[in-house]
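Starting from the structure of chain A, add chain B where the hints point.
Chains as they are written, first to last, in the working numbering: chain A, 331 to 1053; chain B, 331 to 1053.
Hints in this document: simulated from the structure, not taken from any laboratory. Just so you know, not all the hints are guaranteed correct.
One copy or two, either will do: identical chains are not told apart, so a pair holds if it fits within one copy or between any two.
[Claimed, not checked] With a straight-line Cα cutoff of 25 Å, these simulated DSS-like cross-link-like pairs (lysine-lysine) come out:
| hint | residue 1 | residue 2 |
| --- | --- | --- |
| 1 | Lys367 | Lys722 |
| 2 | Lys722 | Lys356 |
| 3 | Lys722 | Lys507 |
| 4 | Lys507 | Lys899 |
| 5 | Lys779 | Lys722 |
There are 2 protein chains.
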Amino acid sequence: MKENPLDLLMNPRSIAVVGAGNNPMKMGTMQALNILKDGFQGAFYPIHPREKEVLGCRAYPSVSDLPDPPDLAMLIVPTASAVELLEEFGRLGTPRAIIISAGFKETGEEGAQLEKKLQETARKYGIRFLGPNCMGVLNSQVSLNMTVIRMADGPGMLGMATQSGTYVTQTLAYLRKKGIRFSKAVSVGNEADLNIVDALEYLGQDEQTRAIGLYIEGIREGRRFIEAAQKITPHKPVLAQYVGGSAAGARAGRSHTGSMAGPDYLYEGVFKQAGIIRVHSIEDIYEHGWTLAAQPLPRGKRVGVVTNSGGPGTAIAHTCNEGGMEVPPFSEGLQERIREHLPPQGSSTNPVDLTFHLDVRALSTGIPELIMQSGEVDAVALHGAMSRGFMKEIYPHLRELLGGVPFEELFERFRQDLSDTVSLPFKYDIPLVVSSFFEDDNYAEAYRKNNVPVFDVPEKAARALLALYRYKTIREREKTLPPELPVPSSEAERLIEEALARGQCSLDEYDSKRVLAAYGIPLAPERRVQALEEAVEAAEEMGFPVVLKGCSPDIAHKSERGLIKLGLKNRSEVQGAYFEIAEAAGEEIPVLVSEMVRGERELLAGVTRFPGFGPCVLFGLGGVFTEALGDFTIRAAPLSRSEAEEMLADVRGRALLEGFRGLPPADREELARILQNLGALSLLHPRVAEIDLNPIILSGSRPVVVDALVVLEREAEAGGGRT
Amino acid sequence: MKENPLDLLMNPRSIAVVGAGNNPMKMGTMQALNILKDGFQGAFYPIHPREKEVLGCRAYPSVSDLPDPPDLAMLIVPTASAVELLEEFGRLGTPRAIIISAGFKETGEEGAQLEKKLQETARKYGIRFLGPNCMGVLNSQVSLNMTVIRMADGPGMLGMATQSGTYVTQTLAYLRKKGIRFSKAVSVGNEADLNIVDALEYLGQDEQTRAIGLYIEGIREGRRFIEAAQKITPHKPVLAQYVGGSAAGARAGRSHTGSMAGPDYLYEGVFKQAGIIRVHSIEDIYEHGWTLAAQPLPRGKRVGVVTNSGGPGTAIAHTCNEGGMEVPPFSEGLQERIREHLPPQGSSTNPVDLTFHLDVRALSTGIPELIMQSGEVDAVALHGAMSRGFMKEIYPHLRELLGGVPFEELFERFRQDLSDTVSLPFKYDIPLVVSSFFEDDNYAEAYRKNNVPVFDVPEKAARALLALYRYKTIREREKTLPPELPVPSSEAERLIEEALARGQCSLDEYDSKRVLAAYGIPLAPERRVQALEEAVEAAEEMGFPVVLKGCSPDIAHKSERGLIKLGLKNRSEVQGAYFEIAEAAGEEIPVLVSEMVRGERELLAGVTRFPGFGPCVLFGLGGVFTEALGDFTIRAAPLSRSEAEEMLADVRGRALLEGFRGLPPADREELARILQNLGALSLLHPRVAEIDLNPIILSGSRPVVVDALVVLEREAEAGGGRT
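Only chain A is shown next, with the shape it has when bound in the complex:
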């Protein structure tokens, strides 16, 4: 295991805090109080210019007065003093810091300058730090809570790394109510030093953490993020919400943490590539994350549903079905055993419906256990287990009739030991999710305490099962490593260098194709000619029909400008086309003579670079699919074979690649190879800014690139991506 700078930061033997005092309404005081009161066992050094004691601990007038260098310095101070204080801790030899103070990059140029100074100071002393503009961390394993709000009870299993501090502070009471407990949580703030990738790696290695949630406004180290996640997701689920991909989201994120966002489709593709489950609300991070952390994985897609009410049962069944799981009818034998627990109007098929019936024991335990034992399901969803919550609702009207017996006394008569109920999923290693409209109920409470998630509406229970099932498929997906990059082609590099030297922004079509050919991309046979006779000769050699295209680096939209002539069937048509092209171009330009590739299916592929992610490979079904439907997918280079194949399966119109309407299935291996090679090419030639292969025609099953464009980056850059 790699050492992670967060190891020490999350487990300091001693913490010095600047900005805490005895004024209870100050943020620093609240944070210090949480450190002290939530159970941290290490040393705690408040630094305060005037107070002798802070929160009952001896206070030190300045950093230099500290007895020995603390492992961790925490700064909750005015923006202007942060740099100076970090310097002092650096001189003392403190290796880690958390800078809570805001007012840096997120406020504009001046703040950005200050943030740079923080970075310089930290680098000078080898300090690794979180923030600025963050809310601190939580480590439930050592009862360390540096946030503003007190921690949930006991150690948890969900790890959280977030670019919004709120999601590890304001939500703590919300989470406690749901029984969701963090193992470790990290608010990364502006990420001037340690960032969300460091936090992800840390949580990935942390044994206590069973699932990881990420709130993301923008990732700087994209490629590193993917690699880190790819190491984690085969054995630990990761969920992420990304909100930076819309105009408003990007602007809001920038003003929040100054983070650099990318388009939504980039993150959509990257999450898939990394095996990350994407969610669209913080609720799903928490609830699906907790379900993944707390429940066993299903071994298949069969769900058993048990309920005391048809509506929720139907809604769960429908939601599971829509999301790709099944709710199969139970065998007659199982139904017979279930019917022993049912009233006559109940239903024993799947969903099992007890109808309005107060035998909660059968609903919560007897029937679910029968189902789990049967071997007929891989997961169970249960709606309606309720006792105290329901009684409390009806009690006020019943009190009189019950002779005025106090509620608690009444309830005691009905109270049951629920230990076997709540242990079912762990006993049978089959996941169980529960929904109940009664939040304040002894069943709900017992489930929550015992790591069985309880949802407030039935559809959410179903969606949590779908998240479990989704992760099962992620775990099972084929994993291949990206192959070694090939030897760079010196011809390709020469063509690029020469074009740059001539001041070109892109290669012309002919040279673009020569670069692609150097990496084994399949092209239509083609010759570049400079004169009419040459064109005719080339066409005759090639065999009719042929295509003629005007070729020049300055020419875009060849088709609209009349520079492409298709299906030329003989000498005279070639001659006519040659003159028409010269006329349309306004001068005699080089012309490409190509074989006419026929096929009913068009595809496209390409490369674009994104800051932090380097070159990313794009694949789509060409023509209307891409233009009218936006049906394309993207992954960061380099691509392994399985990643490239996943791209082919990741477009909505994927049926087109199969034996559609009597056409032969596409050569998927060759298609995957094209995508892999596009990625390799872009990594090997950093001056390639964009590649556009459009269309690639499926000639029978064989993909052939018919038109291609390589766009160049005018300014050189190091390595494989702009970071």
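Just chain B now, kept in the frame of chain A:
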């Protein structure tokens, strides 16, 4: 206003209940208690064989002992006794009933027979009834609650009609916590008499009801449902969840209320046609329904976001953006006024971020009011207003520091009058939605009490705004009435009758097209010929190239069987094709000679019948779009012009109909006319079971039907739809 049988049922002057007693754990007793204790002012007659008094009211030994016929009879009795009791109430002259008892159609054939007897008995005496297998009704206007759980406080604004009783009982406590209050709620159960359409019509006319939520497992009177909803949705929002469209949902629904489900796409289309907002969870029915009932509508799509935390602000902005609303940056002037309320590290653009800052007054009131006054937004979303909830969280750790002051005393020091805060949306007629992680907070409480919806996570607040915006667009959509049906074509009817007389299941292509032609559907010029010379003559008359097709009612998949010959350019090609068709067919069959229609875009249209909905018109972009992407849409006939036009806009590849890739825009008027005429034709000829126009080729902008099939219904049926 039409009289609705539910008027009296929801407002009875007297109720007789059979099945209530003095045993508090019986369902009937609980329901009777709610009637008595939740404030119903009418007469209440319990019927009980032994007890003299039930719940303090004089009990009657049998129905015939009642002093006068009650307006409403409520039966919570064993299945077997329901019919007899209904008969007794009928004899007495009781006009309305609610049959809570289960065990009818939902349990199988025997139950279905009993249910039929209920219907016969009711019909005999003119009783209109709800159920069986339902949970009763709620009418908050007259404090009448017949369900099992006590009612929320005070009259509400959300009307609910549901095929699952749970959603008006088990959820009452859940709703109370959220501040959501029903105006009226109806559990329709098995719908043996009154059904969800009656309930919808009733709620549509009810003045107290400001928005309507529907939970649906299957609709029997589909066409009536659409018409009822179309009358309501232009002035009152309707939301619906449909769960019967998946295999598991359909089975679960059938075993729940015996309801007949249809495919998901049918309801998707029908909801759009009716102006109903579709939701996918009961939470959204309640929360979006309540927001629509309680808040003003936005006048445009501009959202202002105010928060004390960047993450939730960014998430709200992103969610609004993705859903089609905007979060525009504020003008410099407005930002300047906002900055007066902000700490230095805050952000005054949109979203406004106060950062962690305890000036809740600025967050909740000062800044939102500035924004509402500015004219720069149409809606406001607010995250993080919190006082008591937050203080309660930090208090335990602070207590000591605060000199042990009790929490309530501490809180009183900070308590503020929130009346101006909560009245903002109504003062400015601009919707306000709030999210807060602190459910138990004085702000949340005050908002809820004053009909400002509070959500537990920020994304939900954003999605509720999107529901408001969605309804605004529904209100504004163009409404046209379906035109009068044309005079039925006697030729079409003759062709259909003759084919049926010959025992055909469908018309051959030629006759199919003659039927279509009779309703003005544009077809490619075509002749049916019986001999080679005729074929050649027809082709020469028409002009080459032509198409030859074998024509017989028994022939499907003409293309795969080699019965279609395209692009025949001269006499000899026609001759060759003619022989090839005869050979492929195994005999000389009639042949169609058609003009070769050219175009790069294929569409399809058709008709299918669904039980209860009658003929439904389908439209899609043909070929791969429909087959590989399932990109089609459906509406029930007859279609108004605007409904037909909405179908054209309701396919994902709609850009194809516009000036795509230099092609001329499709003639939308003609396309809409085709869809309208398909609907009219099917209504006029009930023996037409299905129509399939595939492909319709866009020749330039003009749609031309190239292949067509009319499938016939062997058994006659009355009217326009199977019901």
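Going down the list of hints, with the structure as the test:
no., hint, verdict
1, Lys367 to Lys722, "between (35 Å within a copy, 16 Å between copies)"
2, Lys722 to Lys356, "between (40 Å within a copy, 16 Å between copies)"
3, Lys722 to Lys507, "both (19 Å within a copy, 14 Å between copies)"
4, Lys507 to Lys899, "neither (76 Å within a copy, 77 Å between copies)"
5, Lys779 to Lys722, "both (21 Å within a copy, 22 Å between copies)"
Consistency note: the structure conflicts with earlier hint 4 alone.
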